[in-house]
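Based on the provided sequences and hints, a complete structural model is requested.
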Amino acid sequence: MEEPRSAVQSQKEGEGQRAESSTVANAVTDTTARPRERRAPRISDTPPPPAPPPLLQDYAPIIGKSQLDELYFLATAVRGKNVKMVNSTAVGGGVAEMLNRLVPLLDELEVHTRWEVITGGNDFFEVTKSFHNALHGAEYTLTQAAKDVFLQHNELNRQRMSFDEDVIVIHDPQPAGLIASKKDHAARWVWRCHIDLSNPNPDVWSFLKPFVEQYDATIFSSPSFARRLPVPQYLFYPCIDPLSEKNKELEQAYIQGVCDNFGIDCSRPVVTQISRFDRLKDPLGVVQAYKMAKRYVDFQLVLAGGGAADDPEGNAVLQEVNDVVGDDPDVIILNLPPWSALEINAIQRASTLVVQKSLREGFGLTVTEALWKGKPTIASAVGGIPTQIIDRLTGVLVHSVEGCAYQIRYLLTHPEFAQQLGRNGREHVKENFLMTTNVRRWLLLFRILLGAN
Amino acid sequence: MSVSTSSEIATRAATSPFEFKSAANLLRIEREQSRTLGELLRDLHTCPDSSIFQHTFRTLQEHHFIKEGFSNDFAHWAYTEIGAVGLGERLISLDVREFTNIADLRARLEGIVSDFLAQNPRARDQEAVSPFYFCSADTVVVPTEIKAHNIQEFIEGLRAVSVHSIHYHFIEARLRRELETNDFSIWLKRDLGLPGVAARLNQIDIYTSTAEGVRRQILRTLEGPLN
Numbered sequence: 000m001e002e003p004r005s006a007v008q009s010q011k012e013g014e015g016q017r018a019e020s021s022t023v024a025n026a027v028t029d030t031t032a033r034p035r036e037r038r039a040p041r042i043s044d045t046p047p048p049p050a051p052p053p054l055l056q057d058y059a060p061i062i063g064k065s066q067l068d069e070l071y072f073l074a075t076a077v078r079g080k081n082v083k084m085v086n087s088t089a090v091g092g093g094v095a096e097m098l099n100r101l102v103p104l105l106d107e108l109e110v111h112t113r114w115e116v117i118t119g120g121n122d123f124f125e126v127t128k129s130f131h132n133a134l135h136g137a138e139y140t141l142t143q144a145a146k147d148v149f150l151q152h153n154e155l156n157r158q159r160m161s162f163d164e165d166v167i168v169i170h171d172p173q174p175a176g177l178i179a180s181k182k183d184h185a186a187r188w189v190w191r192c193h194i195d196l197s198n199p200n201p202d203v204w205s206f207l208k209p210f211v212e213q214y215d216a217t218i219f220s221s222p223s224f225a226r227r228l229p230v231p232q233y234l235f236y237p238c239i240d241p242l243s244e245k246n247k248e249l250e251q252a253y254i255q256g257v258c259d260n261f262g263i264d265c266s267r268p269v270v271t272q273i274s275r276f277d278r279l280k281d282p283l284g285v286v287q288a289y290k291m292a293k294r295y296v297d298f299q300l301v302l303a304g305g306g307a308a309d310d311p312e313g314n315a316v317l318q319e320v321n322d323v324v325g326d327d328p329d330v331i332i333l334n335l336p337p338w339s340a341l342e343i344n345a346i347q348r349a350s351t352l353v354v355q356k357s358l359r360e361g362f363g364l365t366v367t368e369a370l371w372k373g374k375p376t377i378a379s380a381v382g383g384i385p386t387q388i389i390d391r392l393t394g395v396l397v398h399s400v401e402g403c404a405y406q407i408r409y410l411l412t413h414p415e416f417a418q419q420l421g422r423n424g425r426e427h428v429k430e431n432f433l434m435t436t437n438v439r440r441w442l443l444l445f446r447i448l449l450g451a452n
Numbered sequence: 000m001s002v003s004t005s006s007e008i009a010t011r012a013a014t015s016p017f018e019f020k021s022a023a024n025l026l027r028i029e030r031e032q033s034r035t036l037g038e039l040l041r042d043l044h045t046c047p048d049s050s051i052f053q054h055t056f057r058t059l060q061e062h063h064f065i066k067e068g069f070s071n072d073f074a075h076w077a078y079t080e081i082g083a084v085g086l087g088e089r090l091i092s093l094d095v096r097e098f099t100n101i102a103d104l105r106a107r108l109e110g111i112v113s114d115f116l117a118q119n120p121r122a123r124d125q126e127a128v129s130p131f132y133f134c135s136a137d138t139v140v141v142p143t144e145i146k147a148h149n150i151q152e153f154i155e156g157l158r159a160v161s162v163h164s165i166h167y168h169f170i171e172a173r174l175r176r177e178l179e180t181n182d183f184s185i186w187l188k189r190d191l192g193l194p195g196v197a198a199r200l201n202q203i204d205i206y207t208s209t210a211e212g213v214r215r216q217i218l219r220t221l222e223g224p225l226n
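Chains as they are written, first to last, in numbering that gives the first Met the number 0: chain Y, 0 to 452; chain H, 0 to 226.
Take these hints with a grain of salt, some might be off.
[Said to hold, decoys possible] Straight-line Cα separation of at most 25 Å, PhoX-like style, residue types lysine-lysine; simulated pairs:
no. : chain 1 : residue 1 : chain 2 : residue 2
1   : Y       : Lys146    : Y       : Lys80
2   : H       : Lys20     : Y       : Lys64
3   : Y       : Lys182    : Y       : Lys80
4   : Y       : Lys208    : Y       : Lys182
5   : H       : Lys66     : Y       : Lys429
6   : H       : Lys146    : H       : Lys66
7   : Y       : Lys182    : Y       : Lys146
8   : H       : Lys146    : Y       : Lys64
9   : Y       : Lys181    : Y       : Lys80
10  : H       : Lys20     : H       : Lys188
11  : H       : Lys20     : Y       : Lys429
12  : Y       : Lys208    : Y       : Lys128
[What the hints assert, rightly or not] Computed Cβ-Cβ distance ranges for the label pairs, DEER-style:
no. : chain 1 : residue 1 : chain 2 : residue 2 : range
13  : H       : Arg219    : Y       : Asp106    : 41 to 47 Å
14  : Y       : Tyr295    : H       : Gly37     : 40 to 46 Å
15  : Y       : Glu109    : H       : Lys146    : 24 to 30 Å
The hints are simulated quantities; they were obtained by calculation from the structure and are not laboratory data.
In this text, all values refer to a predicted model and were calculated from it rather than measured experimentally.
For every residue, glycine included, the Cβ atom is placed at its ideal position computed from N, Cα and C.
Right under this line is the structure:
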C-alpha cells in the first residue's frame, strides 16, 4: 500500500515544477518592462533556496518577551500531545505557506505536529477545484460522478493514513471525508475552513455539510465566512509571518536597489497595489483612480503581481492594463515570478501608500502585509478587509474608483494623518494577524479540545 | 499624623505580593447575527454573557492601540454598518468601568438601543451593510513570573508585562471582583497602604489613551510619591 506523502516530500516536487516554469515567467517580465525608456528589470529566473524556519525566540524582538512567555505557558498543558494537520498541497497557496511555519513552531513547543498531504488523481483535484469555486458561490452542477470521485479518493487516503494522534486537523473541503475514521479513534477532530462559505452553492454545501457536522470543532477566518453548524465554531484570522521573506525587515540599500532596478523613483510619492492581474483585483479601477488623483497630486503608480505567465485570463487583463496606461512613465507595471517575495517586500516598504481596490476578496493578506509595514492603506470594503481596516483608524475603506482617487489625494496631502493610520494598522496586525497570535489560538484550542484548561 | 517620605514609600514592604497575570482568549462565533437594529435589540437580550463581555471589555483589548473613536463593537457597527450616528454616539460614550456585572451592562445596552428605536421607529428594520456577528471568547488566565513585594518592584513589573496583563488587572478586574476598582488599586490600598495613589489610578481614562498610554499614566502616578 502506498504511503501518504509527507509535506516535505511534496514540497521538493513542487520546487522542481517551479524551476521548470521559470523561463515562462521571466519572458513575461521582459515584455512588461515599461515605459520604453526604462531598462528591463533584473529578476532571478529561478526560485531561491527556502530559508530555514525561524525559532520562537526569533519573534521576541517583535512581540516581546512577555507574549512569548505566554506561549510557553499555554503549551505546558498540551506538551507531549500529538497533532496531525492534513491538507491537499504542500506547495503553493496560503494554507501550505502557513503550515510551513506553524508546524515547526508547535513542534518547538513540544506539541508534536505532523503534516500530511492527501493524494489524488487529476479527476479528484478537478472535482475539488470545482467544489472550491462552487463554495465561493460559482455556478456548478453537482453530479453523482463528482460525488463518487470525491468519496473514492477520500476513502483511499483514509485507508492509507493512521489517525492515532490526539488531535486531527483537516484543512479545507478536499480531505473533509477523512472524518469517517473518527469512530475508530479517540482523537478530537477539527475542520479548518480557509474559504468563504457565506454564499455557497447549495448542492455542494448540502453534500459536504454532513461531513462537517461530525467534527468536534470548526474554524473559520471571519464570522461572515461561517455557516450555522451544530458544532462549536472558532475564529482564527489568517496571519502573516513577520520573519518571512515577504515581511521581514529589509536594509534601506536593498529597498533602494529594488526600486532602481524597477525604475521606481523613491524621491517622489509611490502608490502601490500588489495583486495578481485578475479582474477581481480591479487593476483597471486602480489606473482610473490614479488618473483622477494625478490631476491634483504628483505620484507614481506601481501595479506589481504575478499570475499572467500561465493564466490566459491574467495575460488578457495585463494587456488591457498596458493599453489603458499607454506610455505614461509614472505607471510601473511589474509581472513578477512567484518567487519575488523579497522584491514585493521592498516595493511595499518603498511605497508611500498601498491600495487594494479588489471587487471581491478572501481575507486579503496583501492588506495585512501592507499594514504590518506601517503603510497607510486604502482598500475596498469587501471580504475580510473590513476586519483589518477599521475605517479612518487603521486605514481607509472605499467603495468606488472615485472614493479611491479622493483618498489617494487626501492621504498624500495629509501625511501626519496617513502616518497615524500606518502606525495603528501595524499595531492591529501585531495584536491580531501575526503567526505568533495564530500559534496562541492553536494552543488554546488544543487545551479546550483535550480538556487541559 | 505621620507623613510618609518618598524613601519610606519606596522601601515599604507589601503585606502580600502582587502577582501579575494575563489572559489569553480564543474567539468563538456564536449563532446570533443581527441584520437590523430590531434584531440587534433581540440578540442583545438573548446572547450569552460572554458575547456582551467580548464586544465591550475584550474588544478594548483587541484595539488597545487606538486612542480616538473606538469604544465597543456595537457602537462601531451602528456607525459604519447602519449609519445611525445618534445611536453610535450614545453607544460610544458607554464606559465599561461603570459596570461590575454583565447583567447591568447588557441592560444599559438594551436601554440605549431601545430608546433610540422608540424615537426612530423607522430605523428598526433598516438593513445593515453587513450583519453584526456575535462572538464570545474562551479565556485562559496566564500567570507570569513577575511578583512585586514593594512599589519599586511593582513599577518594574508594570514596565515588563504585556498590555494584555494591564487589561486583565486594570479593566477586566471590575467584573471579576464586582467592584468599581481594579487589581492595582486594591493592592496599593490594601497591601501597601497607599489609598491616595490607588484612587488616582482608578481615575485614569482608558478611552482617550492607548493601552501603552494607560501604562505610562499608571507609571507616572506611581512614580509621583517616590519623587
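Do the hints match the structure? See the list:
no.: 1; hint: Lys146(Y) x Lys80(Y); result: 35 Å, violated
no.: 2; hint: Lys20(H) x Lys64(Y); result: 14 Å, holds
no.: 3; hint: Lys182(Y) x Lys80(Y); result: 20 Å, holds
no.: 4; hint: Lys208(Y) x Lys182(Y); result: 18 Å, holds
no.: 5; hint: Lys66(H) x Lys429(Y); result: 16 Å, holds
no.: 6; hint: Lys146(H) x Lys66(H); result: 29 Å, violated
no.: 7; hint: Lys182(Y) x Lys146(Y); result: 22 Å, holds
no.: 8; hint: Lys146(H) x Lys64(Y); result: 16 Å, holds
no.: 9; hint: Lys181(Y) x Lys80(Y); result: 18 Å, holds
no.: 10; hint: Lys20(H) x Lys188(H); result: 19 Å, holds
no.: 11; hint: Lys20(H) x Lys429(Y); result: 20 Å, holds
no.: 12; hint: Lys208(Y) x Lys128(Y); result: 17 Å, holds
no.: 13; hint: Arg219(H) x Asp106(Y): 41 to 47 Å; result: 43 Å, holds
no.: 14; hint: Tyr295(Y) x Gly37(H): 40 to 46 Å; result: 44 Å, holds
no.: 15; hint: Glu109(Y) x Lys146(H): 24 to 30 Å; result: 26 Å, holds
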